[in-house]
Amino acid sequence: MDWFHCNNCFRREGQNFAVSSCGHICCEGCINPNKKHCTVCGASCNYLAISDQMKPQEQVFFKDPVKLIQSRLEHIAQIALFQRRQKERVIVYFKNKSMELERRLKDVTDQCYRQVLVLKRENAELKKPLSQRRASPGQFQTNGSAQRMSLPVAVTSPVTPRSRPVSHQGFAETQERFRDRNPRLTVATPPGSATSISSLSSQHERGGFRTPTIISTPTRCLRRRF
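For the sequence shown, UniProt numbering gives the first residue as 1, with consecutive numbering after it.
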């Protein structure tokens, strides 16, 4: 250590040295006998003998800074290496965990896809009876055997006795018979009709064909005159 010397006499070798609490190095010959005041600055202080028995935190002040830096760097490098290995271990763990989760996800996806296919086939099988029922409403297939299905009977509206259809030919014959028996009486034409029955019959006979015509006639008037 080329910098080491006595701060009072500037000697470097041959004697024991001590360091004061105020930061001055003194040789054994320059130290104040009472050891209560610093020889260099005169401040009250305590002295510590410089030797190998000093504590590590005290020896640091007398070591080469470059060596301290190197040792510290080595120590820092060891710390960094230790932490990097820990990070690598946790990264490997999470990578394996991620691969396992991806494998499970693929298995679950394949299973769901197979279930969807099964459900689609079942849905198609269930739709077959419905399509057959639409094709033939009276029958439907159940368990491979045809069964007859009873359909509800259509309800028809009741027929009102207000009027009944009378064919033109039958009414004409009745009118002729009535005229033969009672030539003086004539059959009254129902009010509201545009033409008489005789004119209608003559028009149909002239055309060469007879078409039955539904005419609502009041039956009460005919029955009274008969």
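Derived from the structure by calculation, the hints contain no laboratory data. Please read all numbers here as calculations on a predicted model, not as lab measurements. It cannot be assumed that every hint is accurate.
To be verified - Below, in silico cross-link-like pairs of lysine-lysine (DSS-like), each with a Cα-Cα straight-line distance of 25 Å or less:
hint: 1; residue 1: LYS97; residue 2: LYS87
hint: 2; residue 1: LYS35; residue 2: LYS67
hint: 3; residue 1: LYS55; residue 2: LYS36
What the hints assert, rightly or not - Distance ranges between label pairs, derived from CB positions:
hint: 4; residue 1: TRP3; residue 2: ASN96; range: 55 to 63 Å
hint: 5; residue 1: ILE91; residue 2: LYS120; range: 38 to 46 Å
hint: 6; residue 1: ARG89; residue 2: ASN16; range: 15 to 23 Å
hint: 7; residue 1: ASP52; residue 2: CYS9; range: 56 to 64 Å
hint: 8; residue 1: LYS120; residue 2: LEU81; range: 38 to 46 Å
hint: 9; residue 1: LYS106; residue 2: LYS128; range: 32 to 40 Å
hint: 10; residue 1: GLN83; residue 2: ASN16; range: 39 to 47 Å
hint: 11; residue 1: ASN32; residue 2: HIS5; range: 39 to 47 Å
hint: 12; residue 1: ASN16; residue 2: ILE76; range: 48 to 56 Å
hint: 13; residue 1: PHE82; residue 2: MET54; range: 28 to 36 Å
hint: 14; residue 1: ILE79; residue 2: LYS36; range: 40 to 48 Å
Cβ coordinates follow ideal geometry from the N, Cα and C atoms, glycine included.
Status of the hints after comparison with the structure:
no.	hint	verdict
1	LYS97 x LYS87	holds (15 Å)
2	LYS35 x LYS67	violated (33 Å)
3	LYS55 x LYS36	holds (22 Å)
4	TRP3 x ASN96: 55 to 63 Å	holds (57 Å)
5	ILE91 x LYS120: 38 to 46 Å	holds (43 Å)
6	ARG89 x ASN16: 15 to 23 Å	violated (53 Å)
7	ASP52 x CYS9: 56 to 64 Å	violated (24 Å)
8	LYS120 x LEU81: 38 to 46 Å	violated (58 Å)
9	LYS106 x LYS128: 32 to 40 Å	holds (34 Å)
10	GLN83 x ASN16: 39 to 47 Å	holds (45 Å)
11	ASN32 x HIS5: 39 to 47 Å	violated (18 Å)
12	ASN16 x ILE76: 48 to 56 Å	violated (36 Å)
13	PHE82 x MET54: 28 to 36 Å	holds (30 Å)
14	ILE79 x LYS36: 40 to 48 Å	holds (44 Å)
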